[in-house]
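Protein chains: 2
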Amino acid sequence: MNGAESVVRTLVDSGVDVCFGNPGTSEMHFVSALDRVGGLRAVLGLFEGVVTGAADGYARMAGKPAATLLHLGPGLGNGLANLHNARKAGTPIVNIIGDHATTHQRFDAPLTSNVAAFAHTVSHWVASTRSARTAAADTARAVQAARMPPGQVASLILPADAAWSPAERSAPPLPRVGAVTVPDTAIGHALAALRSGESAALLLRGDVLRGDSLITAGRIAASTGARLLCDTFAPRIERGAGRPSIERMPYRAEQALAFLSGTRHLILVGAQAPVAFFAYPDQPSELTPTGCEPLVLSHPHEDGPAALWALADALRVSTAAARNAHRPPDLPLDGPLDTEAVMRVVGHLLPEYAIISDESISAGFAHYPLLETAAPHDYLQLTGGSIGDGMPVATGAAIACPDRKVVTLQGDGSAMYTLQALWTQARERLDVTTVIYANRSYRVLLEELAGVKAGDAGATARTMLDLHDPCLDWVKLAEGMGVEAVRVDTRQAFTSAFRTAMARRGPMLIEALV
Amino acid sequence: MNGAESVVRTLVDSGVDVCFGNPGTSEMHFVSALDRVGGLRAVLGLFEGVVTGAADGYARMAGKPAATLLHLGPGLGNGLANLHNARKAGTPIVNIIGDHATTHQRFDAPLTSNVAAFAHTVSHWVASTRSARTAAADTARAVQAARMPPGQVASLILPADAAWSPAERSAPPLPRVGAVTVPDTAIGHALAALRSGESAALLLRGDVLRGDSLITAGRIAASTGARLLCDTFAPRIERGAGRPSIERMPYRAEQALAFLSGTRHLILVGAQAPVAFFAYPDQPSELTPTGCEPLVLSHPHEDGPAALWALADALRVSTAAARNAHRPPDLPLDGPLDTEAVMRVVGHLLPEYAIISDESISAGFAHYPLLETAAPHDYLQLTGGSIGDGMPVATGAAIACPDRKVVTLQGDGSAMYTLQALWTQARERLDVTTVIYANRSYRVLLEELAGVKAGDAGATARTMLDLHDPCLDWVKLAEGMGVEAVRVDTRQAFTSAFRTAMARRGPMLIEALV
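Going down the list, the protein sequences come from chains F and W. Final position of the first sequence in this note's numbering is 865; the numbers increase by one with none missing. Final position of the second sequence in this note's numbering is 865; the numbers increase by one with none missing.
What you were told as hints is all true, and nothing was included just to trick you.
Using C-beta positions, here's what the derived DEER-type ranges look like:
#1 W:His819 - F:Arg387: 19 to 27 angstroms
#2 F:Ala468 - W:Arg520: 30 to 38 angstroms
#3 W:Gly389 - F:Gly593: 53 to 61 angstroms
#4 W:Ala468 - F:Asp563: 35 to 43 angstroms
FYI, nobody ran anything at the bench for these hints, they're computed from the structure. Every residue, glycine too, gets a C-beta built ideally from N, C-alpha and C.
Please model the complete structure; the sequences and the hints are all you need to start from.
Quick look at the structure:
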């Protein structure tokens, strides 16, 4: 057994069974070990942003980490943006990053870099294996670190000689560190707020937005009149029929302040107190209005579900949660396509237990409520603002949940960052339908230019925000990577295309001119 | 004048007149300033790897830095791989990286990260502006740092409030720090080696591979019998008719050792002593064979051209340099296309003073000599091993040299990393012909798998190195970004397509099935 084999064996024994990768020479022993060890499904991405984004999407749905396999500092560099998103989502990921052999590192060969420095930018945990004999133990620690609540980015640097040299054995899985119990005092404070008779809201993030916890939150809301809120960008929410309705924090600072206006107690369950996405001249960064007091029920690493349960118990909640009816939005009348019509069609035709990966950016803000009464589904969002996660996250989610339809709602500007994800969807025959909102601009930036009071956009400024010259042809781009595609510009044509996509399996792309 | 305007004004006054960018909200004041200040050409890339690679290609040809405009840590993250290549090339680049307003940074908003930590991975110089009043001075220092010999990556972090707040004035350009004079002792040692009667070679890198310096090196070689060598991957070489012939170090360690075998004195002119690209089990990292002594004539930051001149003077060289004749390779007979035939056609039809950006990886090693006697041209290579620089470097070179034909020789696996470069080529109407070597695999890795003795490739390992399922359609990918394209699989068809491309202006892509 060599070091690489001991690493793969340890990953598998620790419950990691998928590895998204884009390897190079220093990872060849790891690649070769995959066949000899078995149990680790290898999924190739043609760019590392696809690899890391897919690992994020996989873990959000599977509830456990995937591994990534990356090639030295620059290969990791290409994956940093989506690891940033994963870090902000609290997603567990185990990065295995190949490096030069330890004996080779001092020579400043072309690919030599400070791999650990790259890793520290986005990782909660970084280690560099120094010998084949410690590689397996380091791997077990990396998996343990990744699974620390709520989920961490763990990066293990594996020098080539630690992969190719002899190892004694693999390492057994390490105990899983559980979420910390929320202290009674925190529950007491939340209880007092909810019993005060003053207006209250629960801002939920993490696993309390799913399953029994979500229903418990709904029961508390129904019983106390408290509002249920989620962040503007949440990692994963169970939405649609049968689930309690969750209000989404608005993106714009002034809207967020108005949204919370009149709320006296803001109870944070796995969430931070809300802050503006960007700063703007003469606008506050903190979005809790005067008179609204944030109160931590549970920090992200604490056991939010148990705290919610204890809270409901203490409140003696007997009320059932208000659950959304199954009343999908009506199909739009025919006419030119727009973003609202797209969301209506998606909401109307969405099959049960679909997964939506939403990176529609500007298009998505207004139409979020339309999916409230659609069929039950999971809703995944861009958590770190680093664009280019929509299609990779969908790719990973489809690997995690092969029996569920995945729908990507994707802005065209962001889509260009990681369009290589479509190739992996084709190779793995993933059941993903991608809707490209082709507005042919960085639309959100046109709005932001006004928001930051940067003055009118001159001719040069406009060229930096406009994608019309030339127009991207998403049908050709998708077909170029083996994904069937169609372009539509009317509501009827979009309805027909989306209906077709929902009725079949496998990857498909719809370029929606909006 | 606000901080952003003072930065743009200072860049222009310091001689920076092109900015490759992909801005976000925090850069909107910079974008808006472009129209009010004038003099800085803004070129949009749809992914930051295109932006930074284009800045590298621009500066290699223009001999001065471009600016880049990048969006916080993740935006910079996407550009790190090609900044790594630029760092290894000794390319001057000025990165302007927007960050949250200073007042906003403590709130851990979704896009908050340690921007400086991202920057330090690839930069020689990093600074973070803390106020609009210092932004211009910091910018002048960044340009000065970038121009430090042989060229550095300088990263200036510009918080949004430093961009939007009032500034007093721009800053005047700072003095340019020149290359250090090589001490006489170093020239003396090289002189002794060349006069010893023992075999000697000059390993050249940097500006000594161009212009009068290259001719001087050729005269020294002709007079003393010394060999002229370059690294396996050199930033820029003037090649072809009228230039001295330069032997390229082989990629593989055992071949490199054989290549230098019998050479007693290896005189380094702006180059490092050769090292293996990767380590391999039981192979040395240092590639100077026993009995071959490396000797530094000039370090990269020293004045290599003057040292070469002094050396020629001391040697009383009267011999003319041996210059390549203009004797392009013959066109191949018709038949199935292969990599040698591609290079023959390129060499036969290449127009005078073309620029070749070569990221053909495995295809390029064997056929390098074929361009020796082609028309005079500049030859740019992947310097840091971080794949995905071929098309971006070509893009930047075409911006720097609008009157010269640019030809990209591009492996298909690498091309997928930064294919968005084609869109910028279309938007800017750049005169770039891209040849995709479509072998539909990471061919070099199939060879490396054997090289590192990782055992036979099993089924899983092969799927990680193979790009056949599905095959990429480069004609559709190019057309999807507005670039005309054609696919060929015979020598005659390639000849015809390449001839057409050389006879017209504007971007074109040829997918060569090899």
